[in-house]
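Student: If you want the building blocks of each chain, they are given just below.
Number of protein chains: 2
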Amino acid sequence: MYIRNAELTLSDPMFFYSLPIHVGMLNVVIADAELELIPGGEMLDDYQVRKYAKKRKKPAAEVLLDSNFLHGAIERHFPGGSTRMGRPDIFYILLQVLQESILNKRGGLLRVYIHTKHNKVIHIAPQTRVPKSYNRFVGLMEDLFKKQEIQSGQEKLLTLKDADLFSLLDDLGKEVVLLSPRGGRPSKPEDIIREDMSLVIGGFAEGDFQTDVYSRYSAHSIFPDELTIWSVASEIVVRYECMFGPL
Amino acid sequence: MYIRNAELTLSDPMFFYSLPIHVGMLNVVIADAELELIPGGEMLDDYQVRKYAKKRKKPAAEVLLDSNFLHGAIERHFPGGSTRMGRPDIFYILLQVLQESILNKRGGLLRVYIHTKHNKVIHIAPQTRVPKSYNRFVGLMEDLFKKQEIQSGQEKLLTLKDADLFSLLDDLGKEVVLLSPRGGRPSKPEDIIREDMSLVIGGFAEGDFQTDVYSRYSAHSIFPDELTIWSVASEIVVRYECMFGPL
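Taken in order, these protein sequences are the chains called Y and F.
Everything in the first sequence is counted per our numbering, starting at 19 for the first residue and increasing by one.
Everything in the second sequence is counted per our numbering, starting at 19 for the first residue and increasing by one.
Among the hints, erroneous ones may be present.
Copies of the same chain are indistinguishable here, so a pair counts whether it falls within one copy or spans any two.
Claimed, not checked - Cross-link-like lysine-lysine pairs, in silico, DSS-like; alpha carbons within 30 Å at most:
1. K75 <-> K206
2. K206 <-> K150
3. K72 <-> K150
4. K69 <-> K192
5. K179 <-> K135
6. K76 <-> K192
I should point out that these hints are in silico values taken from the structure, not numbers from a laboratory.
Values in this document were obtained by computation on a predicted structure and should not be read as measured data.
Model the full assembly from the supplied sequences, consistent with the hints where possible.
Tutor: Here is the structure:
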């Protein structure tokens, strides 16, 4: 047993939410996320990319790849890639769901990590709230890729480090539960949720993991059809809270 | 007891998800939603409104009020209004959460209605999926306000009708549970969820209901601090599914 959130201080408003002693924590780890800056090389000179970067008032190399606006350019440089690459929108919704959840706001039992396809790991601090505007969210991510961290006063709201998925999961040191489209016959969520766990969800809307996750973990599913990543996350987070949370 | 989704036909893929006999259904009713076209009158001539409408390639009167882009214009014409008015973003996220939920996808036990501050009621059919791009979502809502319905083939995905909140709730005919910032001491969600209910959540980020809801219903809350409407909805939807759903 340990006091959760031991890193919080008395002056932190989250501290008072975290007083009860609790034996575990839920890490939500998004893996191989399709979140990246516009890839270097020829794509930076694409006319659509240049126009979009100009609109965002940034050098193209500092602009987030976004298939909502760069669908054609992605197809020109990565044929067939536009259905999967450049999806900041799914992380925008995911983080709105996770950061605003009761488990995060009251429980302090949730930690969120986004591991990207290029082996960057973004840690989102529990007190971080996502901008309401999608455009501002994209701007925030661009700042993060440039500066490696986003602070507010003394608090680090977002940090970005180099790490592969397995190093991250090893560092977190908890039992890993992998959700995957290859998970086969769906489990009841209650049967796979542990009080102290790292839940891995693929950060892509199509296809499968790039990291060789199946060499280390067995795959589970909770639903026979496709689910968005925020639906998976909210199913698990709310059920975790029912099972182990303060409500 | 009745067979749920009796209106579905054998050829509808949802039919097979809805075969088990079930005694109830969850209506999520968003009330007094801050979702409207740009108000008529002087605001239509505001320079910021004209510029934004031009960018959207529509007459200003057919453009959705959006404080993400029209903050200054709202303040000029409705001083103090910009913290509350014009929030399509919260309905975008809410509908991403509700329509993609397991309760909706498998259970067919969920129905979603958005009642707006101007007494319009939007019904979102269970098979409706929200565009991934926020801009396209805004365009879809603008189309709906113009045409009163959005169809895909024979299916009505979205319909818009005139009705006040009480008429809607009376038509739905189920027990009403009102969640409100005035709800006082929080209840356990399980204590207020009914198998056959209409759950009312305020469709605004600040303030209180315009409709005199307290004259008819007592107010409940599930959390001592503020929650976004999608957090409230996902808490209830996942717990409803735990209690009564097919999982």
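Student: Hint by hint, note whether the structure agrees.
Tutor: Consistency of the hints with the structure:
1. K75 <-> K206: Answer is neither; intra-copy 48 Å and inter-copy 48 Å both fail.
2. K206 <-> K150: between (33 Å within a copy, 28 Å between copies)
3. K72 <-> K150: Result: close both inside a copy and across copies, 23 Å intra and 24 Å inter.
4. K69 <-> K192: Answer is neither: 45 Å inside a copy and 53 Å across each miss the 30 Å cutoff.
5. K179 <-> K135: For K179 and K135, only the intra-copy Cα distance (13 Å) is at most 30 Å; the inter-copy one is 45 Å.
6. K76 <-> K192: neither (40 Å within a copy, 53 Å between copies)
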